[in-house]
Amino acid sequence: MTDLEKSLFTKIDKIPIIDPHSHIDPHKPAARSLWDILSYPYYTSLSHSSGMDPDRIKYTVPDDARARAILQYMPGFASTAQFRWFADMLTDFFDLPADISADWNVDAIIDHCESRLQSADWSAHIKNVSNIKAVFTSHPLKDDLDGIDLNFYIPSLRVDDLVLSFESKEVRARLIETTDIQVTNANSLRLALHKVFDRLTRYNLAACTTSLPPDLSLSFASETKIDGLVAKATRGDFFTPEERNQMATFTLFELAQRCQEHQVPMHILFGVIRDVYDHGVINGTDLFDQRCSLVELHKLFNAFPNVKFPVSVISHAQNHELIAYAWIYHNVYAQGHWWYSNLPAFIFDDLCARMHSLPANKMIGYFSDAHSLEFVLPKFRMYKKELAKILAREYVTGLNWSEERAIELAYDILYNNVVELYGLRFEG
Amino acid sequence: MTDLEKSLFTKIDKIPIIDPHSHIDPHKPAARSLWDILSYPYYTSLSHSSGMDPDRIKYTVPDDARARAILQYMPGFASTAQFRWFADMLTDFFDLPADISADWNVDAIIDHCESRLQSADWSAHIKNVSNIKAVFTSHPLKDDLDGIDLNFYIPSLRVDDLVLSFESKEVRARLIETTDIQVTNANSLRLALHKVFDRLTRYNLAACTTSLPPDLSLSFASETKIDGLVAKATRGDFFTPEERNQMATFTLFELAQRCQEHQVPMHILFGVIRDVYDHGVINGTDLFDQRCSLVELHKLFNAFPNVKFPVSVISHAQNHELIAYAWIYHNVYAQGHWWYSNLPAFIFDDLCARMHSLPANKMIGYFSDAHSLEFVLPKFRMYKKELAKILAREYVTGLNWSEERAIELAYDILYNNVVELYGLRFEG
Amino acid sequence: MTDLEKSLFTKIDKIPIIDPHSHIDPHKPAARSLWDILSYPYYTSLSHSSGMDPDRIKYTVPDDARARAILQYMPGFASTAQFRWFADMLTDFFDLPADISADWNVDAIIDHCESRLQSADWSAHIKNVSNIKAVFTSHPLKDDLDGIDLNFYIPSLRVDDLVLSFESKEVRARLIETTDIQVTNANSLRLALHKVFDRLTRYNLAACTTSLPPDLSLSFASETKIDGLVAKATRGDFFTPEERNQMATFTLFELAQRCQEHQVPMHILFGVIRDVYDHGVINGTDLFDQRCSLVELHKLFNAFPNVKFPVSVISHAQNHELIAYAWIYHNVYAQGHWWYSNLPAFIFDDLCARMHSLPANKMIGYFSDAHSLEFVLPKFRMYKKELAKILAREYVTGLNWSEERAIELAYDILYNNVVELYGLRFEG
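So the protein lines, in turn, are chains L, E and B. Using numbering that gives the first Met the number 0, the first residue of the first sequence is number 0, and each one after it goes up by one. Using numbering that gives the first Met the number 0, the first residue of the second sequence is number 0, and each one after it goes up by one. Using numbering that gives the first Met the number 0, the first residue of the third sequence is number 0, and each one after it goes up by one.
Derived by calculation from the structure, the hints in this document are not laboratory data. Remember, predicted model here, so these are calculated numbers, not experimental data. Any given hint could turn out to be false.
Copies of the same chain look alike in the list, so a pair counts if it fits in one copy or across any two.
As the list claims (entries may be wrong) - Calculated lysine to aspartate or glutamate pairs in the EDC-like style (CA-CA distance at most 16 Å, straight line):
id, residue 1, residue 2
1, K5, E393
2, K298, D288
3, K13, E403
4, K298, D2
5, K298, D285
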């Protein structure tokens with residue numbers, strides 16, 4: 000990084016983090032063991048990919064042995080961005096030296112870290128070092144949200160299962176249990192979805208979130224047809240592909256209707272194909288098909304002009320479509336850099352193209368997708384470095400912007416736009 | 000930009016502009032009001048996207064109020080390349096300070112610019128400052144071309160409607176009116192297309208231009224079948240998708256036949272999907288589907304080996320295909336950076352890959368797609384800056400080329416190749 | 000290049016070359032005339048593309064006249080990476096000045112080079128200057144491998160024809176001739192494939208290699224159905240598309256089974272469409288369709304968890320998929336930069352993204368695809384320059400790695416991983 004890039008990064012790094020999508024458990028936000036960190040699918044899948052026997056991390060193995068297995072394989076992917084997140088944690092949270100990766104000592108890391116993780120104020124330590132203002136948390140139907148700090152943890156309703164897996168007995172049972180509504184036809188399903196929304200709005204629901212597969216075809220069916228599909232699923236019969244699309248479309252549009260009523264944005268994570276790899280470790284079996292397009296979603300975006308749709312894409316090749324959609328549609332936003340496209344090389348290219356073409360308020364910079372608080376800072380910093388480079392090269396140097404003006408734009412992309420889009424209100 | 004990049008840019012900037020595709024009206028080439036400039040769909044769509052109520056620019060609103068609405072929303076997209084074009088106009092044509100975007104005063108801009116635009120020599124002023132040698136203009140059937148300066152305005156025949164919308168009563172009526180031929184079957188359609196071409200060749204027709212949708216499937220039908228389709232359309236019946244493809248294929252190939260006879264290149268703009276967004280402003284409703292391929296067009300390129308096909312693609316992901324096609328096919332050329340891929344980030348990547356792989360004479364550098372003369376200079380300069388960077392980094396620094404040699408290559412890409420491909424002859 | 004980039008390149012350039020995919024003929028590894036070099040399809044297709052009459056290189060024309068034709072058109076693509084390979088040969092092997100392209104004298108080049116090529120030790124000269132440790136060679140069924148230096152030439156079995164063209168009488172005849180097995184049903188085909196493998200393992204077979212088209216759909220058929228397809232092909236009848244897929248799937252999976260038994264990796268070159276361009280020069284008619292996905296191959300990767308699959312893709316847009324697959328699948332590797340994606344601009348982007356995300360041992364850096372030894376060095380150097388840039392920017396500067404550590408990573412990517420993946424053992 001040049002001096003200018005470093006100067007901009009330092010200033011951007013001071014922007015408090017609001018993280019608009021994570022899987023952090025508000026009841027256990029930080030890690031309590033190295034395994035809590037190293038079980039992140041990025042590490043289990045990379046260790047497996049580089050040669051680790053997956054039996055070394057199966058459920059019957061004690062957590063400390065599982066952590067040791069991952070640590071042993073980490074030098075094999077020390078050149079990756081994913082490794083960097085952990086190396087940064089070791090430096091920033093555990094006070095280990097910055098060049099730890101050059102002299103990797105598994106025993107020393109374990110000894111040093113496991114005891115630190117037991118400290119009573121670990122979670123506060125992470126929050127403090129990371130300068131996190133708020134994180135969104137993801138909740139399917141039944142999570143207990145009582146007693147959590149709603150000024151810090153901002154709930155989003157995660158609806159993948161409802162949209163995509165109505166055939167699953169478990170999913171239907173959970174819906175009924177949560178809502179106390181017997182779902183027997185289109186209308187009772189609609190009422191149940193109402194109730195799910197109503198319940199969460201008591202906790203300041205900020206988003207309704209769903210991932211969608213690349214082959215989803217939005218297909219509209221009559222109320223009678225949906226009645227029949229609910230009955231069919233209840234009987235335990237499987238849908239045809241067309242019926243599956245009809246059911247998903249019905250639920251997705253009902254949820255979008257609720258989003259409209261409650262003025263809640265619908266965050267779409269687009270393009271993943273689940274369970275492709277038969278021999279993968281847990282959460283290391285999903286991939287994507289680069290032949291995917293947002294074009295099918297125009298029916299959704301057009302049908303709900305008053306719902307805001309932040310969209311994240313899994314495939315780098317789709318970034319250009321996302322740009323065109325967020326440029327033209329008043330209600331589509333480009334949000335963050337998801338999963339397989341969450342690498343510095345792609346972030347730089349994708350973000351630079353977004354900044355060259357999108358109104359500032361249509362960009363929601365970044366989200367962590369973290370499973371525990373430790374990941375928020377290193378992932379945001381990875382993004383902030385690429386942002387600093389772009390601001391330095393394209394704006395301060397390229398267009399003679401002042402550094403102050405560049406930082407204002409960074410502040411919009413990372414902070415103000417999240418507050419505005421999701422209607423956040425902080426107390427105190 | 001480094002000193003070398005600046006030096007190369009300064010030299011490239013001196014190359015007179017020949018703009019091989021625009022929508023400039025030769026009878027009213029320059030703007031006469033700010034609204035003439037700000038009604039460019041890039042600005043109306045970005046203003047709408049960033050929050051402007053579209054009613055503020057509807058037809059019943061006076062032009063000055065519409066211009067004001069756009070100007071008020073422009074700071075919201077001041078980080079975009081599209082904004083830069085306007086900011087550069089303010090500096091280069093209106094003599095406002097270069098840092099105007101940092102201190103945006105709508106009233107001051109309106110006061111200053113509207114009066115300047117009334118000056119009698121405004122159009123000559125733009126031409127002079129821009130150093131434009133010639134611009135291509137786009138003409139569907141009926142435009143009046145008498146009395147225009149054919150040494151400056153170079154007509155191309157725009158045939159989207161003929162190829163894609165034969166079902167439209169208006170399109171057929173315009174064809175009949177222009178040609179005085181009653182189109183009742185394949186043969187009379189063929190004769191009408193002959194006459195359209197013949198008419199324009201009197202004005203030194205340089206190109207036949209059509210945009211094509213990504214899902215066009217070239218499908219050949221018998222003369223009898225086409226007779227039936229002409230009759231069907233005349234009765235007011237709609238085609239099946241297959242019939243639509245058959246009709247489009249017939250017309251496209253007939254036009255390619257005329258291109259061959261008249262030695263006129265066929266310029267193809269590939270990949271747009273029209274009218275996707277229901278709530279968009281005018282000309283702000285078209286998008287693309289990144290799942291598109293030039294592979295369908297091999298039937299066209301193979302069938303007419305003596306017709307030259309400059310091709311422009313809307314999707315950044317398709318640039319690699321365009322490269323492979325222009326590399327292998329002797330009659331396919333990579334032309335410019337169209338619409339959604341006309342951003343500095345994409346231009347740099349796409350052009351660099353073209354220069355790494357294509358013969359110099361297969362690259363047609365840039366076209367403006369401008370609606371009025373004011374856009375030609377800032378858009379060409381955006382391109383020329385990226386070209387200068389690539390020449391500096393990859394050729395002068397990377398391969399020890401002299402600056403002179405690099406500028407010769409730029410001259411070929413921007414000027415000589417356009418003259419050669421389109422067979423231009425300038426008088427005087 | 001910066002000083003750091005140059006320093007790293009110089010060190011990387013010292014790594015002996017192991018080239019894991021080429022078309023070099025071990026019985027005639029180096030060129031004996033300029034035409035042997037200039038007949039490389041990259042040069043014939045670019046010359047044709049830039050305007051050369053293809054008749055100038057047809058078979059009846061003497062080789063020296065054909066070489067002259069190409070040389071005359073080369074200045075037209077002097078800005079390409081493909082030209083650079085030849086310019087580097089002129090400097091590195093023929094001792095012509097480095098700025099030869101600035102003062103291109105066809106007669107002088109011919110006079111100088113043709114005589115040099117007649118020197119008795121030409122091939123040893125190339126090997127020596129190039130520092131090649133070993134090159135893989137590609138063998139369909141019948142090649143004679145006796146007497147070649149198996150410590151330098153490492154055979155791979157090329158199976159495109161067997162997998163994709165069983166309908167071809169010639170292919171079947173060659174299979175029968177090689178194996179002495181009458182192929183009349185699924186089982187005798189299986190036995191013949193066994194024998195093909197067994198024969199080559201005597202020569203230290205290192206890989207089984209096949210290119211696959213983007214539209215291959217893996218489709219499983221019963222033994223009885225395959226019996227019928229073998230009979231159908233033998234009768235001279237053509238397959239339906241579905242039958243073609245079934246036959247290809249059967250053969251591909253049988254070969255993968257042999258790979259598993261013999262612990263031989265299967266190298267897949269994915270995405271080419273053959274014979275698209277009707278008027279192209281030889282080997283200048285193949286293209287690709289960017290709408291292609293590795294997703295179909297998950298059936299293969301899942302079915303053979305003990306077979307290693309290095310995969311190369313033809314389309315830049317597919318690099319992201321390749322990354323995701325090599326990241327998740329323990330048995331998929333990202334190998335090199337194939338054909339249309341083998342350009343510096345794409346190599347930099349594709350390799351940078353791989354290094355940001357893949358375990359070091361999942362990257363097989365580069366292969367030459369060369370037809371004669373002269374191409375190995377300039378193509379590897381093109382790659383090594385991009386690798387040096389990435390190591391300098393992202394690792395030494397970006398992460399404070401020592402140069403030594405960066406070079407170790409380069410050594411793994413270019414050398415150790417090839418040895419390990421393909422199980423190479425060098426004698427002496």
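Worksheet item: Checking K5 and E393: alpha-carbon separation at most 16 Å within a copy, between copies, both or neither?
Response: both (15 Å within a copy, 15 Å between copies)
**Prompt:** What label fits K298 with D288 when the C-alpha limit is 16 Å: within, between, both, or neither?
**Reply:** between (22 Å within a copy, 14 Å between copies)
| task | At 16 Å max between alpha carbons, let me know whether K13 reaches E403 within a copy, between copies, both or neither. | result | Within one copy only: 13 Å inside a chain, 34 Å across chains, cut-off 16 Å.
Go through the copies and call it for K298 and D285: within, between, both or neither, with a Cα cutoff of 16 Å.
Intra 26 Å, inter 14 Å, cutoff 16 Å: inter-copy only.
inquiry  = If the cut is 16 Å between Cα atoms, do K298 and D2 qualify within a copy, between copies, both or neither?
reply    = Neither. Shortest intra-copy (47 Å) and inter-copy (50 Å) distances fail the 16 Å Cα cut-off.
The earlier numbered hint that this structure contradicts is number 4, and it is the only one.
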